[in-house]
Amino acid sequence: MVRIWTAVIPVKRLGAAKTRLRGAVPADRHPELALAMVRDTAAAVLAAGSVGELLVVTDDPLARAAARELGARVAPDPGGGLNAAMRFGADEAAGLAAYRVVLTGDLPALRPEQLDEALARVSGRAFVPDAAGTGTVLLAAPPGRPLDPRFGGPSAAAHADSGAALLHGDWPGLRQDVDTAADLAAVLALGAGGHTCALLHGLGMTTECAPAA
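Quick note: the sequence shown uses this note's numbering, first residue 2, plus one each step.
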């Protein structure tokens, strides 16, 4: 049986996004960096064969426009933080009848085939930890199961404690989110997507761009 997933990405207002990453680029370019990473993440998600629809939950006008340009559907942020946005997108906007997967919007080295491989291993509610092993980059729920996101802090342990299965696989682009300048360097080593790499190239932070597929 081929499962087609509805993917959900929550996006904060760009001026308030990725606070731990501030200083990695000039302050006036920080919102551009946050948006570039969202665009690369969304493009990779939409290119995955197992994804039928992408829903971006945001109140940021630039993020809304970028999402629609890429072919995503947009839903308003309900307020209440990251987990509330994920629950709303997955359980209400997408609906409990769908296969739903939420991802963070800071995965600019994500390859579509990595997402396809991860989703193929899902048999129930399941998650993928970040490269550090403490956070979470992906949480999936099958039809009829509430998403029950526990993002923030040591969320990998929180998701495991909540009964979600840990998905194992060699998915460096999926697992490498970007919270710090060191994470940004790791993404460039993996091959950042075109939007992120072009921005950093323009700032003189990289001499080559090897965009993620």
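It is worth saying that the hints were derived from the structure and are not from the lab.
Glycine included, each C-beta is placed from N, C-alpha and C at the ideal position.
Heads up, a few of these hints could be off.
Distance ranges between label pairs, derived from CB positions [claimed, not checked]:
1. 124 / 27: 25 to 35 Å
2. 125 / 202: 40 to 50 Å
3. 53 / 154: 29 to 39 Å
4. 48 / 147: 40 to 50 Å
5. 70 / 161: 30 to 40 Å
6. 53 / 146: 30 to 40 Å
7. 23 / 71: 38 to 48 Å
8. 85 / 203: 14 to 24 Å
9. 3 / 23: 40 to 50 Å
10. 161 / 190: 36 to 46 Å
11. 23 / 81: 17 to 27 Å
In ascending order, which of the hints set out earlier in this document are inconsistent with the structure?
1, 4, 6, 7, 8 and 10
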